[in-house]
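S.K.: Starting from the known structure of chain A, arrange chain B on it as the hints suggest.
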Amino acid sequence: MLCSVPASKSGSNWLDRLRSNKGLPTGDNLDLDHFLSRNTNSSSEVPTPNVSSSTESTRPGSDRVVNQSTTSCPNRDNQGEAFIGLVNNVLSELFFMGGSDERSKLLGKKIRRKQANPRVCVTSTANYDSNAATANATEEKSSDWGRNDEHVLDKAACLDSQNGSLMKNKDLGNVGGEEGEEVEEEEEEEKEELRELKGYSISEVTVIDTSCGVWKTEKVVFRRKNVWKVREKKAKVRKFGRRKRKVVDEEVGVEGGDDIDKKKAKVSALKEADGDECIALKSTEGQNSQNDTSNEACEDTTDSLNERGEEFGKDMPDAKSKDAKKGQVHLQVLSDFNILLLLVCDNDLFCSYRMSCRFPLNRSPRKMKKGDSSVILIKGIPTDNKNGGKLLRTCLKDIQKQYTA
Amino acid sequence: MGPVRGVRKRKKADKKPEENASGSGSSEKEGPVDWWDEFSKRINGLQSPAKGLDKFESVFKVSRKTFDYICSLVNEDMLAKSAHFVFTNGKPLCLYDQVAVALRRLSSGESLVTIGDAFGVNHSTVSQVTWRFVEAMEERGLHHLQWPSTEAEMSEIKSKFQKIRGFPNCSGVVDTTHIMMCLPASDPTSDAWLDQEKNHSMVLQAIVDPDMRFRDIVTGWPGKMKDWTVFQSSNFYELCDRGERLNGKILDLSKELDIREYIIGDLGFPLLPYLVTPYEGKELPEPKAEFNKRHYATRMVAHRALARLKDKWRIIQGVMWRPDKHRLPRIILVCCLLHNIVIDMEDEVQDEMPLSHKHDSAYHQQICGTVDVNGVHLRDKLSLYLSGRMPMPP
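Protein sequence lines correspond, in order, to chains A and B. Residues in the first sequence are numbered consecutively from 1, following UniProt numbering. Residues in the second sequence are numbered consecutively from 1, following UniProt numbering.
Okay, chain A solo, but in the shape it has when bound (with noise of 0.2 Å):
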């Protein structure tokens, strides 16, 4: 089984819910090839009236991914465009996390990211009616947790959107592009400053200087010729810091930067491959200020740590207020095309999440620390390039196994 469902709906599947409430056809015999060639060739299993609510709600975007449709293939009717408009509007659907008033300003850069790689039936070009998100979300609101897992995703939004965190895909990747960007500048400046005290010899010497408070201080000497460069011995904090955010990258499953778009580069990739089974796995991790400074276990890391909130702050207008500093999961399951489990993650959401659904990657669910944000343990998914394709690979064999189970 793979989620509860409550007893009112107990004789449908929630997948078949999702399925048909986004005017999908159900059934077993779903892989993605049969599911695009019947629906292009003949569209009679697509109901009609989502079809045309769905292409409604997805005007601009649509109607430039028909007219590349119809470059491609001239022969298709209009149902059929019609029915590229659904599946593109549902796919980017599923991508989104979040949802609120700004989704659609956020999907439009969503769009160019995806415009830059245009995919067989995975250009998003839908645009969201911000308005019918407020709606949706408003309703949502008022409505149980995890009815199904597109209701998880819109409460997700909804709840994100209240803590004045919301995240969406592009902020995501914004974020993690930012946090990057950071690792990248750290790493830039060290490269350049390894590059400046390269023919420098380094010799480590432990100082006394008693007109210091800590009269005794380790430093790094660099040394070319006469030229001194001193520096505090910060190296092992440093890694140490770097270390465990790494760590904590691993656990959480933050990716900053190019590692996302590595990562996205894999699953599109692994995507392509095997054409009916994807996981995509992006989780920001937003630092608590009071936390951070509750943790003093390593100066650096508090700093780089604060640095990271401080990134979150540039990227995201609410992300400035409390809440938004919290950590959020953001987990985007996707399978047989059809699939998405999108969880923004607080605590009372996971633990829903979980008791509905049981998916396999979040068996070993664990907190990082008591009142933090909640995180999602996902073993075997590192952050580091060697080894992460294997891995996620092995990752979605259990999921294949899983869902063909």
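It is possible that some hints are incorrect.
Residues on chain B that point at chain A, a partial pick, calculated with CB under 7 Å [what the hints assert, rightly or not]:
| no. | residue |
| --- | --- |
| 1 | Ile-217 |
| 2 | Thr-219 |
| 3 | His-326 |
Cβ-to-Cβ under 8 Å is the rule here; a few derived chain A residues that face chain B [stated by the list, open to error]:
| no. | residue |
| --- | --- |
| 4 | Asn-13 |
| 5 | Ser-20 |
| 6 | Asn-21 |
| 7 | Lys-198 |
| 8 | Ser-203 |
| 9 | Val-205 |
| 10 | Val-207 |
| 11 | Ile-208 |
| 12 | Thr-210 |
| 13 | Cys-212 |
| 14 | Val-221 |
| 15 | Val-230 |
| 16 | Glu-232 |
Calculated directly from the structure, the hints in this document are not laboratory data. Ideal Cβ placement from N, Cα and C applies to all residues, glycine included.
M.R.: Relative to chain A, chain B alone:
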């Protein structure tokens, strides 16, 4: 789990003498007088009397009074830790034994084996006891080495300096010496420690008061680092630059001539508004030459202090055999603390020591050459004043 087993064995070995400790004759409860009698007998029984270990001061370079004070300083820290040290005959080392071993190691500079043989302890015990003493002194003795904190203290210092060669409002003398080491040729970083005289050394910079007491030290920098670089790397320099040190009473010599607090140093240091160096060059005009003479004579306190430091605490005098460069600064610091304690205790031992001023005998004078305009003004004022053209301060 070999090491763990080893630790257990060691603990067991340490426990045994502890159990026997109550029965040993070397208990600190018996008092230092009895302790020295017994200790003297032990070391003289092991060594021939010709070694000169029969007199307390000749063994430890401090008087009994100072020795007792040092023991009281480190008492808590030395006995706080669980490890117990024993003589080779199994008797435990009491506090006095431990301080004696450590002081002997620091004052004589003899090898661990030599001291171990002389005192009837294992050489590793000598090393461990000495290091524990160093740590204890760092904790307990730092108040013997600090910048004057009260105005009265500073006034006394200034007054004493003025009495030496007339420098008004002078607060200290800065000087640098080198602690030589023998480093392995394979050490890739050894080049940084190779100083101007092609010795591997560690720099010790000290600011000294007229009583030859160290008031500020900086040590640990590689010998290749120039005197001015060490000074500019020091927190003293930063504090002065920020106006947080040498910011005391300004001496008004006349309506147009006021002298701020300053220290003096040789040509290896920059001429700064608070650091006065001598005039550079030969065949200087009379006032400048006179200034330089007085300057040199005043600086002598620092030369003597450093020479005495090395002479008394000989562990830092010779060429140290491959020392741990992270530990050596701490040993140097403790030697400076002991140096100050001897002065603070008004130990008569110091009067018996010959006054030498050669602490870096093989080293040539470094020339910094950096000149600050305000430093030039201050030096000119002092020169003017010392040449007798200015009225004496009230």
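S.K.: Hint by hint, note whether the structure agrees.
M.R.: The hints, checked one at a time:
no.	hint	result
1	Ile-217	5 Å, holds
2	Thr-219	5 Å, holds
3	His-326	4 Å, holds
4	Asn-13	56 Å, violated
5	Ser-20	64 Å, violated
6	Asn-21	62 Å, violated
7	Lys-198	16 Å, violated
8	Ser-203	4 Å, holds
9	Val-205	5 Å, holds
10	Val-207	4 Å, holds
11	Ile-208	5 Å, holds
12	Thr-210	5 Å, holds
13	Cys-212	5 Å, holds
14	Val-221	7 Å, holds
15	Val-230	6 Å, holds
16	Glu-232	12 Å, violated
Consistency with the previously given hints fails for numbers 4, 5, 6, 7 and 16, ordered from lowest to highest.
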